[in-house]
Amino acid sequence: MRGLLFFFKRFVNPASDTAADRSPPLGARAELLAGIRAELPLQLGIVPFGLIFGVLGLAAGLPIWAIIAMSVIMLGGSSQMVFVQLWAVAAPFSVIGTTVGVVNLRHLLYSADMAPYLSSLSWRWKCLLSYLLTDEAYMVAARRFRDGPATPARHWYLLGTGLTLWTGWVSSTIVGVLVGRAIPESWSLEFSIPLTFIALLVLSVRRKSELCAAIAAGAAALALQSLPHKLWILAAAAIGMAVGLLVHRWSGEK
Amino acid sequence: MSENIGILFIVIVCGVLTFLLRFSFIAGARFLPKSPALQHLLRYVPPTVLAALIAPDILMHNGELALSLNNIRLWAALVALIAAYFTRHVLATIAAGMAALWLLQAAFT
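Chains B and G, in that order, give the protein sequences. Okay, so the first sequence: first residue is 1 according to my numbering, each after it adds one. Okay, so the second sequence: first residue is 1 according to my numbering, each after it adds one.
Bound-form chain G, shown alone (with noise of 0.2 Å):
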């Protein structure tokens, strides 16, 4: 019973603190300086944590840089990558990388 009270407790916190992440500046937007350049900075935010995510994801095994030709995540990502460039379709990408991984996985392992 105790322990259900301790997983609850740190959930919650857990849970207020992403809030208050997500809240932040949103809260506090007069605190923001409106300035043009800002603005600017922010449009980067998308393409850099997104790719900041995706790259130790499919260049790294376990903690290690996998740049050799036999990691079949970094060709399943290629693939999925053309896709998103050719049909700029999430769904069209996802199906792709996917079936990239698995042939590829059913071909060499």
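Bound-form chain B, shown alone (with noise of 0.2 Å):
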């Protein structure tokens, strides 16, 4: 079992713990490789679910065009479910405008969290980037940000894991929109965005009080279903924050 784990992260999946364990990426083609590499393994879940939006985008009585160019334009792809469940019942487009906006306020921690990393890069390169933080992007990018070393290239990385996951989710919408009503519901595809944030919460918890921050919002997040337009996200996370910084103080970690 050991030697198959070791071959595992010595082989298959280099990139997978955090870039401080390996020796430092200095130029910015090398952060922008590391990027698209640690990136590519969240593919197996993006992809199904991109399929997934395809056909929900087609069910709910969107034009193709219009299904792609959300992929394109919003990219995001919580707030899309969200947008096609809401134009499937026909609500106004207010409704429309003001859920996917509520469901995207967990971005506004992203932004922050980043701010400090880029702000001395051209307003070219904060729009570009900007518009490339989603979820999975950002999950992978902080890491390296936090715990690797602090070089001038190392946004290269953020660019890379943006450039993947959006190649990814674009692509896989258009399959989707083309093919994606071929997949029988029974495969349950949906499950592979859950599967990919599972990992990815895995890895992000790293001490004792990551570990309660992250129970303390899951279970808020539950608590808290009752609140509109998945306001609960936002809500969950901050109380999970609250939490983890209490521990944080009374367990006195470093």
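In case anyone wonders, no lab produced these hints; they're calculated from the structure. A quick note: this is a predicted structure, and the numbers were derived from the prediction, not measured. Watch out, some of these pointers could steer you wrong.
[Claimed, not checked] Straight-line distance between alpha carbons at most 27 Å, and here's what the computed BS3-like set of lysine-lysine pairs gives:
1. G/34 x B/208
2. B/208 x B/254
3. G/34 x B/254
4. G/34 x B/126
[To be verified] Examples of chain B residues lying across from chain G (beta carbon under 8 Å, computed):
5. 61
6. 62
7. 76
8. 83
9. 85
10. 101
11. 105
12. 114
13. 124
14. 128
15. 145
16. 186
17. 198
18. 201
19. 250
Each residue gets a CB set at the ideal place from its N, CA and C atoms; glycine is no exception.
Can you join these two chains into the complex? Each is in its own frame, and there are hints to help.
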């Protein structure tokens, strides 16, 4: 078993652990490639979700071009799903816009977390990286920024994770609208996204305070389900962050 | 035709809104206090947001809490959790979770 795990870490997935574990990548090219390599395994979770999104978009009565345009312009799986569900029941535009905005509020947290690392970049870079700041691109890049060396080219890592996510999401949406209807529902492909998040969660928890924060946030998310517009995502995250901070203080973690 | 313009309009509005949320603090970094306490607090963003997104997907069914042993998603998620813990590998986690779900679906439905 140990040998198998070693084989996995060494050869199949050299980018699985933090960037800090390896010798520091230095140049823009090395950072970009490291970002792409770290994001690639997530495609196994994102592509099935993109296929399903394409199918649900058609089922909601959206034209093909609009489904693909959503994946390019919005670039956010969960908010696009909400959009499609609301479109299917002919919700007014104001409701669609508000709900998408609230579902995506968590991106404020990602933006605040990334801001210090990107503050010296040009506006063009800031716009590009903000556009690409999806759940999965952020979650992978956050570990590299926090634990890896503070090299001047490290924003290329986020470009790598973002572009890889973009490519997988947009191309799987296109395939989904074209042939997705052939996928039987019993395959439960939508389960691939919680599984991807489970993998990212386990990789993001390294201390007791982070574990407590995650448990508190999960429990709060269940308890607050009655909040409208999926506001519980942000509320649960806030409660979890507060619990994490308290545990950190009390347990005297470094 | 006018419906197409309407769709394009609302998609662009949602896209701009999403972009602005992602751009907010990256654009206004100088308005963020440069305190170590805030930096520390933001460490908890990935684990808390991920847990908040995962929990209802796995523990709720049709709007109700589904903590029973019949909830095969719960078992499949548990398999994925164990796989993630031991392999620290995203591909292995997704593959193990999907395989577990399919096996349980085949066995119990």
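Q. Checking against the hints above, which ones are violated?
A. 5, 9, 13, 14, 15, 19
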